[in-house]
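Participant: Sequence:
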Amino acid sequence: MASHSDTLVVFFGATAGANGGKLGSDERELILLVWQIVDLHEKKVGKLQRRLVKPDSLDLTDQCKEDTGLTVDELLKAEPLDTVLQQFQQSVSAEVKALGRSSYTLCVDSPLIIRQVLHPEASKKNLVLPECFYSFVDLRKEFHKCCPNSGPVRELTVTSMMEYACIPAVTDQESGMTEVENMMLITLHMLDEPYSHKFTGYEAVKYKFESGACSKTEAVDSETVIRARGLPWQSSDQDIARFFKGLNIAKGGVALCLNAQGRRNGEALVRFINVEHRDMALERHKHHMGSRYIEVYKATGEEFLKIAGGTSNEVAQFLSKEGQVIIRMRGLPFTATPQDVLGFLGQESPVTDGSEGLLFVKYPDGRPTGDAFVLFSCEEYAQNALKKHKQILGKRYIELFRSTAAEVQQVLNRYMSTPLISTLPPTPMVSVPVPVLATPPFLATGSTRDCVRLRGLPYTAAIEDILEFMGEHTVDIKPHGVHMVLNQQGRPSGDAFIQMKSADRAFMVSQKCHKKMMKDRYVEVFQCSTEEMSYVLMGGTLNRSGLSPPPCKLPCLSPPTYAAFATPSAILPSEAALYQPPLLATPRTPQPSPHSAAAAHSAAAAHAAAAHAAAGHVPTLAYYPPQPHAQLYMNMNMNYTAYYPSPPVSPSTVGYFAAAHPSSVAAAAVAAQPSPAMLQHAHAGTQHGALVRMQGLPYNAGVKDILSFFQGYQLSADAVLVLYNLAGQRSGEALVTFPSKEAARQAVAERSNHNLYGHPVRLLCCK
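Residue 531 in the working numbering sits at position 530 of the sequence shown, and the numbers go up by one each step.
Hints should not be assumed to be uniformly reliable.
[Claimed, not checked] 27 Å max Cα-Cα, derived DSS-like pairs, lysine-lysine:
no.	residue 1	residue 2
1	K209	K287
2	K705	K516
3	K126	K207
4	K396	K705
5	K217	K252
6	K391	K363
7	K78	K48
8	K45	K146
9	K322	K388
10	K126	K66
11	K217	K299
12	K363	K389
13	K287	K125
14	K513	K391
15	K516	K502
16	K199	K98
17	K322	K217
18	K479	K502
19	K142	K48
20	K513	K396
21	K23	K55
22	K23	K142
23	K66	K287
24	K322	K209
25	K55	K126
26	K142	K207
27	K48	K98
28	K44	K142
29	K142	K252
[Unchecked claim] Computed beta-carbon distance windows for the label pairs:
no.	residue 1	residue 2	range
30	T336	R731	26 to 34 Å
31	K322	S741	55 to 63 Å
32	M518	G22	50 to 58 Å
33	R415	S103	49 to 57 Å
34	K142	E67	28 to 36 Å
35	T72	R456	51 to 59 Å
36	S753	L487	43 to 51 Å
37	R456	Q64	44 to 52 Å
38	G690	T449	20 to 28 Å
39	K391	E75	50 to 58 Å
I should point out that these hints are in silico values taken from the structure, not numbers from a laboratory. Just so it is clear, the structure is predicted and the values come from calculations on it, not from any experiment. All residues carry an ideal CB built from backbone N, CA and C; glycine is no exception.
Based on the sequences and whatever the hints tell you, model everything.
Facilitator: In structure tokens form, the structure reads like this:
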């Protein structure tokens, strides 16, 4: 339409807030529209038209009242925006037809009225703008073509252009009409000799955002990229494009940022077609998406490529099918096949090209991650698929949500990249306990979730408080498995990590201790992996936004100080290796003290106690507090987060003694009889009974309902553990402890798939 226009509509608008160069920067609504037609061939001018627009909010700023001279009473009598736009279209179409012309294009003094006001406001109010608002000419740029010496385009105004061309300005008209008449004078001046200007610089507003793939080798101008923060987590690329409606985003130019767990963190990088659109996007800082305000900042092309750029041919081929709706699936069973996924989605949501429309995300060694992306040819099929959100495939519930091409690249890049922390070689096992200084644990990375994270600890909490908080689960902590994380100032951060003997034990602790009180605060307990713990202990951060990697490339700060631990001499020589730190960096032998002879004598007593334990009595555990004088400085090229490591002991089973007393070593060898509760929840090697996992429970099912379900098995209320998710809601699962493996197998055989309140309950024997 625009390239063949023979009529211009000089167009002007004002809002209830900022106008001029800041038009649209404060989200204020449109209150005034003025326009006038000019025939480009005959140079005939139409009637000057002025319409007031009634906004939803009648709050006018003082600056607006001064600039426009409008009052609230005048706006109360006006029509709403959709009605005024209809009047505009009907009036202009009638005039163009009367002139014998067939098309027209808007002419504005800057793109702000179109891009920053009309399109965003129409998008928020769900109005469909007439087609004429998707193309326009910028009077400043056209004038600059005629008069290159008039100055930079961005600095040109109607007043400066008239002064440069020596055109007498109109000043006696109403607000808005004055600006349009002056713009018309400039237009006619360019159409006359000696310029005889042809308006050819038509600018377009994109109808919709185009998704697509981005290559790592593509050049991305840093002057075209912004970072948007504070987005709702469920926002899609189309939602973000709608927030920036009126501005042209490059193809595939929306990259949603993910945290270390692969979930969206409320940020996105957006790439625009040029710096002008980027600068207008920055003016939308703290504009609203629904009830949330969005922060907009400058970003770099390197940041965009890091998120959205890809190198995989498989991904490029997957994303080459344009016009497809992408759905992401999370939590798939590792054994799931394409046929399983297609069967799960069903016939009502057919996948594009069958299995060719599936992309399974894998680790570099080919292991499945449980994630997959699916292509659908239309919105209807995608909506049908989303209805299966949290339905069961195999024995797992599947999450489904909308995705983007950039998210596909980002997820693939994350899983295929080399881990930041490599696995270190194991420490040689020794047969004799040697006094060493405990150094920060170099933990082998792994995805096994055999750790728990404690968040929200009181800042006065010590290791003893944590062990008391863990209660009967203390016996399942690995040697040297308690790590209290300190901040950069060496003060408690409120976080701690606990290494458990198995993932099952970590899961049990996270379920039983989550939001349990410690002193006057409730503590959040989450199951996590060794890898996640290592990130924090190596200097990274683990917060609500996910993992941030350690500062490997930052200059090394002053080396932190670590407390020293003596090797517990009460442990048998064959078990001593279990209590050695995983890796030592330049271990030093502690200096002899005046009490060394007494300590040696006490150590002999401790060995005697250990031998007594080996003969069939309860094993003893000795706790040695850190020696205040013993320090170890790490000469490494990486900063470590400060922390306090500790052996696995419980206040209920071991006494804590001051290091200043020489007799404390011998006293620490005194054993305590474990409680029946501790024996019940002891390690698998000594545990009595067997666990059965219940799945598919009604969400309102409680302990009494489960006991009724197992009527006849003589279970107590203590044997039932109802599981909750992180939101504090019942997950539909429970763990039940049976007195023996035989009883557990019998219950699974007899009661599996029986109904509880209309829900078939699945039973599984646990290790």
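Participant: None of the hints should be skipped; say for each whether it holds.
Facilitator: Structure-based check of each hint:
1. As the CA atoms of K209 and K287 are separated by approximately 23 Å, the hinted pair is consistent with the 27 Å bound.
2. For the proposed pair K705 and K516, the alpha carbon gap of about 23 Å is at most 27 Å, so the pair holds.
3. Taking the CA atoms of K126 and K207, the gap is about 18 Å. The hint holds against a cut of 27 Å.
4. Distance check on the hinted pair: K396 and K705 sit about 25 Å apart at the alpha-carbon level, within 27 Å; holds.
5. Proximity of K217 to K252 is assessed by CA-CA distance (about 15 Å); at most 27 Å being required, the pair is judged to hold.
6. Of the pairs offered as hints, the one joining K391 and K363 holds, with about 22 Å between alpha carbons and a cut-off of 27 Å not exceeded.
7. The straight-line distance between the Cα atoms of K78 and K48 is roughly 23 Å, inside the 27 Å bound, and the hint therefore holds.
8. Under the criterion of a C-alpha separation no larger than 27 Å, the hint pairing K45 with K146 is consistent with the structure, at around 23 Å.
9. Distance check on the hinted pair: K322 and K388 sit about 24 Å apart at the alpha-carbon level, within 27 Å; holds.
10. For the given pair, K126 sits about 24 Å from K66 by alpha-carbon distance, which is consistent with the 27 Å threshold.
11. For the suggested pair K217 and K299, the alpha carbons sit about 20 Å apart, so the restraint of at most 27 Å is met.
12. Note on K363 and K389: the hinted pairing holds, with a Cα-Cα distance of about 23 Å set against a maximum of 27 Å.
13. With a CA separation close to 15 Å, the supplied pair K287 and K125 stays within the 27 Å bound.
14. Between the alpha carbons of K513 and K391 the distance comes to roughly 24 Å, so the proposed pair stays at or under 27 Å and holds.
15. Annotation: proposed proximity of K516 to K502 holds, straight-line Cα distance about 22 Å (limit 27 Å).
16. For the hint pairing K199 with K98, the CA-to-CA distance comes to about 22 Å; that is within 27 Å, so the pair holds.
17. Between K322 and K217, the direct Cα distance comes to roughly 19 Å. Compliance with the 27 Å bound is thereby established for this hinted pair.
18. For the hint linking K479 to K502, the alpha-carbon distance of about 5 Å falls within 27 Å, and the restraint holds.
19. Under the criterion of a C-alpha separation no larger than 27 Å, the hint pairing K142 with K48 is consistent with the structure, at around 25 Å.
20. With a CA separation close to 23 Å, the supplied pair K513 and K396 stays within the 27 Å bound.
21. Between K23 and K55 the alpha-carbon distance is near 21 Å, which keeps this suggested pair within the 27 Å criterion.
22. Taken as a hint, the K23 and K142 pair is honoured in the structure, with Cα atoms around 19 Å apart against an allowance of 27 Å.
23. For the hint linking K66 to K287, the alpha-carbon distance of about 24 Å falls within 27 Å, and the restraint holds.
24. In summary, the hint linking K322 to K209 is supported, as the alpha carbons are separated by about 17 Å, within the 27 Å threshold.
25. Our distance criterion of 27 Å between C-alpha atoms is met by K55 and K126, whose separation comes to about 13 Å.
26. The straight-line distance between the Cα atoms of K142 and K207 is roughly 20 Å, inside the 27 Å bound, and the hint therefore holds.
27. Taking the CA atoms of K48 and K98, the gap is about 14 Å. The hint holds against a cut of 27 Å.
28. Restraint check: the Cα-Cα separation between K44 and K142 comes to about 20 Å, which is no more than 27 Å; the hinted pair holds.
29. Between K142 and K252, the direct Cα distance comes to roughly 25 Å. Compliance with the 27 Å bound is thereby established for this hinted pair.
30. Checked against the hint of 26 to 34 Å, the C-beta distance between T336 and R731 comes to roughly 27 Å, which is consistent with it.
31. A beta carbon spacing of about 56 Å between K322 and S741 agrees with the range 55 to 63 Å that was offered as a hint.
32. Distance hint for M518 and G22: a CB-CB separation of about 57 Å, consistent with the stated range 50 to 58 Å.
33. At about 54 Å, the beta-carbon gap between R415 and S103 stays in the expected band of 49 to 57 Å.
34. At roughly 29 Å, the beta carbons of K142 and E67 sit within the given window of 28 to 36 Å.
35. Here the CB-CB span from T72 to R456 is close to 55 Å, well matched to the stated 51 to 59 Å.
36. At roughly 48 Å, the beta-carbon separation of S753 and L487 lies within the given 43 to 51 Å, and the hint holds.
37. At about 47 Å, the CB distance of R456 to Q64 agrees with the hint of 44 to 52 Å.
38. Between G690 and T449 the CB atoms are about 24 Å apart, so this pair conforms to the stated range of 20 to 28 Å.
39. Taking 50 to 58 Å as the suggested C-beta distance range, the pair K391 and E75 conforms, at roughly 54 Å.
Consistency with the previously given hints is maintained throughout, with no hint failing.
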